[in-house]
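Peer 1: So the chains spell out like this:
Number of protein chains: 8
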Amino acid sequence: MINREILNLLRRYKTGEIQEKTIIAKLKNLSFESLGFAKIDHHRAIRKGFPEVIFCEGKTSVQVAKISRKIVDNRNNLLATRATPDNYEEVKKVIPGAVYNEIGRVITYELKKQKRSSKKIIVIVSAGTSDIPIAEEAAVTAYMMGNRVEKVFDVGIAGIHRLLNYMDMLNRASVVIVVAGMEGALASVIGGLIDKPVIAVPTSVGYGASFNGIAALLGMLNSCAAGITVVNIDNGFGAGFAASLILKA
Amino acid sequence: MINREILNLLRRYKTGEIQEKTIIAKLKNLSFESLGFAKIDHHRAIRKGFPEVIFCEGKTSVQVAKISRKIVDNRNNLLATRATPDNYEEVKKVIPGAVYNEIGRVITYELKKQKRSSKKIIVIVSAGTSDIPIAEEAAVTAYMMGNRVEKVFDVGIAGIHRLLNYMDMLNRASVVIVVAGMEGALASVIGGLIDKPVIAVPTSVGYGASFNGIAALLGMLNSCAAGITVVNIDNGFGAGFAASLILKA
Amino acid sequence: MINREILNLLRRYKTGEIQEKTIIAKLKNLSFESLGFAKIDHHRAIRKGFPEVIFCEGKTSVQVAKISRKIVDNRNNLLATRATPDNYEEVKKVIPGAVYNEIGRVITYELKKQKRSSKKIIVIVSAGTSDIPIAEEAAVTAYMMGNRVEKVFDVGIAGIHRLLNYMDMLNRASVVIVVAGMEGALASVIGGLIDKPVIAVPTSVGYGASFNGIAALLGMLNSCAAGITVVNIDNGFGAGFAASLILKA
Amino acid sequence: MINREILNLLRRYKTGEIQEKTIIAKLKNLSFESLGFAKIDHHRAIRKGFPEVIFCEGKTSVQVAKISRKIVDNRNNLLATRATPDNYEEVKKVIPGAVYNEIGRVITYELKKQKRSSKKIIVIVSAGTSDIPIAEEAAVTAYMMGNRVEKVFDVGIAGIHRLLNYMDMLNRASVVIVVAGMEGALASVIGGLIDKPVIAVPTSVGYGASFNGIAALLGMLNSCAAGITVVNIDNGFGAGFAASLILKA
Amino acid sequence: MINREILNLLRRYKTGEIQEKTIIAKLKNLSFESLGFAKIDHHRAIRKGFPEVIFCEGKTSVQVAKISRKIVDNRNNLLATRATPDNYEEVKKVIPGAVYNEIGRVITYELKKQKRSSKKIIVIVSAGTSDIPIAEEAAVTAYMMGNRVEKVFDVGIAGIHRLLNYMDMLNRASVVIVVAGMEGALASVIGGLIDKPVIAVPTSVGYGASFNGIAALLGMLNSCAAGITVVNIDNGFGAGFAASLILKA
Amino acid sequence: MINREILNLLRRYKTGEIQEKTIIAKLKNLSFESLGFAKIDHHRAIRKGFPEVIFCEGKTSVQVAKISRKIVDNRNNLLATRATPDNYEEVKKVIPGAVYNEIGRVITYELKKQKRSSKKIIVIVSAGTSDIPIAEEAAVTAYMMGNRVEKVFDVGIAGIHRLLNYMDMLNRASVVIVVAGMEGALASVIGGLIDKPVIAVPTSVGYGASFNGIAALLGMLNSCAAGITVVNIDNGFGAGFAASLILKA
Amino acid sequence: MINREILNLLRRYKTGEIQEKTIIAKLKNLSFESLGFAKIDHHRAIRKGFPEVIFCEGKTSVQVAKISRKIVDNRNNLLATRATPDNYEEVKKVIPGAVYNEIGRVITYELKKQKRSSKKIIVIVSAGTSDIPIAEEAAVTAYMMGNRVEKVFDVGIAGIHRLLNYMDMLNRASVVIVVAGMEGALASVIGGLIDKPVIAVPTSVGYGASFNGIAALLGMLNSCAAGITVVNIDNGFGAGFAASLILKA
Amino acid sequence: MINREILNLLRRYKTGEIQEKTIIAKLKNLSFESLGFAKIDHHRAIRKGFPEVIFCEGKTSVQVAKISRKIVDNRNNLLATRATPDNYEEVKKVIPGAVYNEIGRVITYELKKQKRSSKKIIVIVSAGTSDIPIAEEAAVTAYMMGNRVEKVFDVGIAGIHRLLNYMDMLNRASVVIVVAGMEGALASVIGGLIDKPVIAVPTSVGYGASFNGIAALLGMLNSCAAGITVVNIDNGFGAGFAASLILKA
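Residue numbers (the working numbering), protein chains in the order written: chain Z, 180 to 428; chain E, 180 to 428; chain H, 180 to 428; chain A, 180 to 428; chain L, 180 to 428; chain Y, 180 to 428; chain S, 180 to 428; chain U, 180 to 428.
Check the hints yourself; a few may be wrong.
[Unchecked claim] Straight-line C-alpha distance at most 30 Å; calculated DSSO-like pairs for lysine-lysine:
#1 S:Lys200 / U:Lys298
#2 Y:Lys298 / S:Lys427
#3 A:Lys330 / E:Lys205
#4 H:Lys427 / E:Lys330
#5 H:Lys298 / L:Lys200
#6 A:Lys205 / S:Lys298
#7 A:Lys299 / L:Lys294
#8 E:Lys299 / H:Lys427
#9 U:Lys427 / Z:Lys427
#10 Y:Lys427 / S:Lys292
#11 Z:Lys294 / U:Lys298
#12 E:Lys330 / E:Lys299
#13 U:Lys298 / Z:Lys427
#14 E:Lys200 / L:Lys200
#15 A:Lys298 / L:Lys294
#16 L:Lys427 / A:Lys298
#17 Y:Lys294 / S:Lys427
#18 Z:Lys299 / U:Lys299
#19 Z:Lys427 / U:Lys245
#20 U:Lys193 / H:Lys205
#21 E:Lys330 / U:Lys245
#22 E:Lys238 / A:Lys271
[As the list claims (entries may be wrong)] Residues of chain A clear of chain E, computed beta-carbon distances all greater than 10 Å:
#23 Ile197
#24 Lys200
#25 Thr201
#26 Pro275
[As the list claims (entries may be wrong)] Covered by chain H, per the in silico footprint, the following chain L stretches (three or more residues, Cβ under 8 Å):
#27 389-396
#28 410-421
Honestly, the hints are just simulated from the structure, not real lab data.
Note that CB positions come from ideal geometry on N, CA and C, so glycine has one too.
Chain Z with its partners taken away, still in its complex shape:
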């Protein structure tokens, strides 16, 4: 499409139909999309396998369903985060095969089953039962990006032996996502035990001076264990997405 537009100009220039001055002006006026950003956009190709993502918060169920249908019509996989049961009801009407993960509040639809590496595993660890929704969001995101995912939920550091029982799995992981609220110390403990990239997700779970996740966020940013990086509070999607990029790095 882009090429055709340029080609057209070039040919008309060659035939003398347009002047040097004109073609230069026109080349410069081509929108960035059509010309300049070819360079930028060709990374889109890499993204091919990736689902298109809808952030449902602040959208009506009808809007969510409409965008979902369009994505699937474009032969893309669908990932809709922060979806309510009501959003799902509406999506199901237009994409009967859509699946709803109630805990992680995610709607997904996979056009055709992706082949997943049997070697590169993303392990997702969560500290408390209240952190599970965010951990699930991360898990479904990573899974929809074509990765193998394993989950270890409810292994907070207040009973550290439970965590230590999972050392084998943690050592097998390529990337570990740690989801924790309150003081968020689980990320430090895991970061100190393994030699893998750890993505820490602070959650807004907590009371009093947890300040809706700030305590966990600060705890994770200040971790004494090197190699930990942090995403925004409750941003399970972001962690799953970043972990997927890492496996492709």
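Using the hints, position chains E, H, A, L, Y, S and U against chain Z.
Peer 2: Only chains E, H, A, L, Y, S and U this time, still in chain Z's reference frame:
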């Protein structure tokens, strides 16, 4: 002394020297110190063994030395916190036997060696080398309050096996003081491992978003391990003092 | 239980049923629970008398009832905090003898009456009527941990003589829990009057610049009275739990 | 002066020297100072007794001395706050009778001794030795505004009986200024004991989570004792000034 | 009442019915209320004219009504702040003459009309229409404390000439209460115009970065106009109360 | 009107009906409105074209309708921001021609179509779909102030080529308003691309550590691109108003 | 330069020297600088009159001098902000005609005197003497951008009549920059008095709870006067720059 | 080593030298290091190639040199961050071949040149000249971990075309580290342009409301571009370390 004053009044009343109205007025005018607060102050007796404490920050070396001398003259043990080497030079002139703990920045003088319980131990754990000054302040404070103190320094959670090697000592402790900066997660880990009162001291050690100890403070307040209580940032003295009160509880 | 598993291995090794190499591998593969953490976990024995605790917030009534039943079936006492009347209705169906403290929002069930020390008392002081729910939570927690508890409610410092009338009770206490919102100054006042460990609980009670308990929290952390330690905002359970650990210290 | 200008206009108008249009225009163009603000400025008269104030921070000693000299030349009393010894040296050169309060860092010069009410007393209470500089600043300010001032220093609430010994003085006060750092609870305690306006001055004295006076500021704003008003952190001058206005109210 | 108890003791001592030792012990055991705090409590007398205050927030309508009735039965005036219409309905049942100020959300009942000074006026100025409820709370409080009150509402600084039109009233005031949200600059402007004590009440009115009153609070604390003191956000009652104390200073 | 009052005085003075002293007093007592502030208020003339603005939040629908009617009766254009559908229903009853912008939550009524400059354009750019309501508020405000407005919505920097396609429009703009939540980086990017005044509006759109717009606000204040100024969070009206003033500068 | 490169390609294509495929690939590979951003960069032309700016903080004097020399060699005017006297000494060596504004800490060099509009004035108002350095920075910046600048310093709102005396100048201004620390209320007052764009610069001047300019920043963002926009704390340069852009809008 | 100890026990048990009870007790008493943590520690092997790291801040030059020597003696590469020139002088005495990166403040010593992948590149982008020290710290860290590193410094978004010129390099990267202060928007822009993991490092560079890096930190956490993870303010080392782990993931 108090009694004598009241007695005097009562006798003069009995002999008719003063009237009902007069004695009632006089009783009411007795200062709180002399009358009403006997009740409050008799807990002072309990404090007997405790040293008198000077907080040196914001005082001149001469002032520190003068107050120190007065304390010792009153037959009290001396504990001067946040003391500079210069403070110590001045104190040594008037109390030659005074001892300076350079790391913990504490000057002490014990009139006569206190007998320390061989059973009740206060264990002080610190996370990093930079937390040691505060840990030392806590240790010296607890020691001067008549307690047996054991120290485990530099056992941060980034290498948790080092900590686990000290489980026996932690289990023998009556109270554990945990001194940690950065994310302060050590308190949670220890609180999850033992069934003893844990006093957490956040330190101002850290960089960037540690905000001079706020990250550690929030981490400790929001600990998922029950039984942890917290003192102010860098307040090693407060932790040592509170631990001593606990052993007398 | 643990011993049996190891014993079994050892005997099979002794009889030559398994090889040296095998037994070493197996010993190393024993989960931390079964082997390594014996050391850690044997503190569980101490906890024996302690109830199992459920934090009800974020759980459905059915979930709360189910966990409660399981706890009681395991011959443990029950303590469910932040419980709604609705939670209680459901619990009562499966544990008819369960008791609900409406003010403190706590459900309890004691399998058999614990014997309480007549000497070691935990005194719980609260500043205003709005602080009472948190104070009750602390009181029920401490009681369920097997302690004698006395309560002094509504003795804020704006009428300090009311507080002073309770000096005797405060002096009889082994530990004092002070529950206060607004500026939280009650903790400092009590900390200055007695020689006992004081656990301060800031509450989210207040208006304007109280910032849901931050003013009280900062006030308590910065108390000029030594020996005060602090728990998280509104964390009555944590204070009751810590006080219980102190009495066992 | 103002009147003369208007008078002049009016007379020239009456004589026909200037037209209606002209005088109206001229009246409107009179600067606010000369016309409109007579109404506003005549409160200056009330201020007569008040000294002129210099805030020395950020001024050179020469500047301070120069302004000081000008104030005295205008027959005003002088009050220079946050003054360094160096500032004073320079001022003394041009106003030999100037007095320096080293603790409160205030330079003063009273042209002639003011008569002070023997009945209306401003009592200034401070919590700790480190609060004294701010308390002194308040005291000197109030004194220079023509008030009788009494000081009660170092009566923190960690030993509340010391404070109670001063009940008589507090009850005699017309206004009480309470200067306190750390948790600032002294303001609440005094506010609960007396029926007088209490002006609370939080100081930046404290450690760790006192955040340079924020803890004290919040504590005072959230005081459970009614009738307390607050000035900025370390603003002893503001408190002394406000107390003086109150005595004139 | 107190006297009688002491008298009784003294007489029994004089008659020899009780011994010296006994009477001294008994005197010391008298509650602070009955003995020691006579000194403290006799300021109650001054408060005589003051109404008893109920803070309705967090109380049921039945509780509010019950406490209100008791206050009136004790021959005290009633002031109930933060009262809902529902609270009022219930109070009216037991105190038919009670009055409800719907805007200020205050219930009042005056046993007998107080005589108000015709000279000492408290002027209450508010910046915007949304600040009026807090201004009304301050006004009713000051009125019920026996003061003459004048109100100037809706004179924000965005149209400063409206404010300047009220200079006369401001100059007649003994105390001015300024109620303002958003940036709270009205307090500074008024503080710069008059020589009277100004009590500033920040309100939680505002959007975005007003942070529920913090912007106004900081603005008022940092006012460049001397003589301003500040109460907590939305604390109209506190301002009215403090202004009343000032008029009695 | 003002002139007449002064004129009257002058004439009565000229005729001798009133004395010098009287006229001077009377001149000084003229309200600021009538005399002194002519100077201030004559800028009102400039404002002529501007609509009168109602901020609906915190007002009842009846109040909004009543004020709206009054504005229109005074022959002014109407702009009511933060209006609910309910507000609009009520306004329509009294101003049938009033228009409601549902997305921007603004009610407008233009008495007669204003002529808009075809050269000076205000371009409004928004980053995400959730920022559109605030962008619309800015757009309608600027439009009602008599400006030509163009809108470019949904061009966040996560796909910067979309933005670059609008370079022509941005270069044609006289002022650009950038509306963005989350990290607010769009303002910096646009500020770096063009040489026009950029007004940045942070929105409260975001999650976790966006803190209801603080992240965007700080991002915009700290922009590395010079020439950006910032209004309050979600303050679309303020941005539209400021942009209008700029076009008249 | 750019044109030549494209021209070359086109001509070689026309002559058949390069193929369609080749020229398209080459066109796409042209760096953004050479092709795509012609569109973006041609706004540089507008900037012609503008000086090049150096932010001196964090640069050595030698570095500052070197960059300065290069700027002047390129026939640009020079504006170096946050310059120390030492920076100036070094610059003077290489640009003898460079001028240093000591108060505003700015070094400037104007190649040839710019012609300044006699109609469009930028008025810069500052509240206190300590705000003057930032006000000077804004003034010099605006002046070097080719504008006429007038300054009104030291007209804080604590004596509002001084400000009102400058109404004429404010009304003559095209843009007003208000520089104020402490509570920053001056911006609101001026914003309420005039109908011109107001750029508010909060300064870090203040004490206690001014928090290095946060109080002023919040005050300005929350101003009740519409039309005010805000730049970063102490960012006089940014305000001067934005004001210049406005005059060109 | 571990095996031998266990083996020994087992054999003595088999021969009957020790009893069942004894061997079980002894097995349980093996330190975690010797037994349980074999599992944990064997990840050390992976770390082999990694240098040992010293954080120099808070250590004396002599301490730094001593630890450095020990590391090199253990045949490890050396990486000492936050090193002063003075630290380096001392290290050079004991490790003559040590190299000092003055800008990044890092001392390194590589025992033998590591072979670096020619395919996997870590690209480090920094926004402004003041961010370079942190960017260098990240670069040296990543290099010492055995990676190929490319640097693009000074490509802030205020001139976005400079950045776009580096699209090729960014697209070739396996991981991109973005180092930026002020509003930190560069991370968002780059995250929107490429499909690689982006590690964002906020720096404390900035003025006014940048709050020593908080503005940049919040900006990065709230980035609208997915796939960005964040490390602590100024933590170049952490970013370099995390990037290295990613390349090994």
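Peer 1: Compare the structure with each hint and give your call.
Peer 2: Here's how the hints hold up against the structure:
1. S:Lys200 / U:Lys298: Roughly 29 Å separates the two Cα atoms, so the pair holds.
2. Y:Lys298 / S:Lys427: holds, 13 Å
3. A:Lys330 / E:Lys205: With a Cα-Cα distance of about 26 Å, the restraint between A:Lys330 and E:Lys205 holds, given a limit of 30 Å.
4. H:Lys427 / E:Lys330: holds, 22 Å
5. H:Lys298 / L:Lys200: holds, 28 Å
6. A:Lys205 / S:Lys298: Distance ~25 Å between A:Lys205 and S:Lys298 Cα, so the pair holds.
7. A:Lys299 / L:Lys294: holds, 25 Å
8. E:Lys299 / H:Lys427: holds, 11 Å
9. U:Lys427 / Z:Lys427: This hinted pair holds, its Cα atoms lying about 11 Å apart.
10. Y:Lys427 / S:Lys292: holds, 28 Å
11. Z:Lys294 / U:Lys298: holds, 25 Å
12. E:Lys330 / E:Lys299: holds, 14 Å
13. U:Lys298 / Z:Lys427: Measuring from Cα to Cα gives roughly 13 Å; hence the hint holds.
14. E:Lys200 / L:Lys200: holds, 22 Å
15. A:Lys298 / L:Lys294: Within the cut-off at roughly 25 Å; holds.
16. L:Lys427 / A:Lys298: Holds - the C-alpha atoms of A:Lys298 and L:Lys427 are around 13 Å apart, at most 30 Å.
17. Y:Lys294 / S:Lys427: holds, 22 Å
18. Z:Lys299 / U:Lys299: Holds - the C-alpha atoms of U:Lys299 and Z:Lys299 are around 18 Å apart, at most 30 Å.
19. Z:Lys427 / U:Lys245: violated, 41 Å
20. U:Lys193 / H:Lys205: Between U:Lys193 and H:Lys205 the Cα gap is close to 17 Å, so the pair holds against 30 Å.
21. E:Lys330 / U:Lys245: Given pair E:Lys330, U:Lys245 holds - Cα atoms ~24 Å apart, limit 30 Å.
22. E:Lys238 / A:Lys271: holds, 28 Å
23. Ile197: holds, 69 Å
24. Lys200: holds, 67 Å
25. Thr201: A:Thr201 clear of chain E: closest Cβ-Cβ about 66 Å, beyond 10 Å.
26. Pro275: A:Pro275 is indeed farther than 10 Å from all Cβ atoms of chain E, at 30 Å.
27. 389-396: As far as the region 389-396 of chain L goes, the hint holds, because 3 residues have Cβ atoms under 8 Å from chain H.
28. 410-421: holds (count 4)
In this structure, the one hint that does not hold is number 19.
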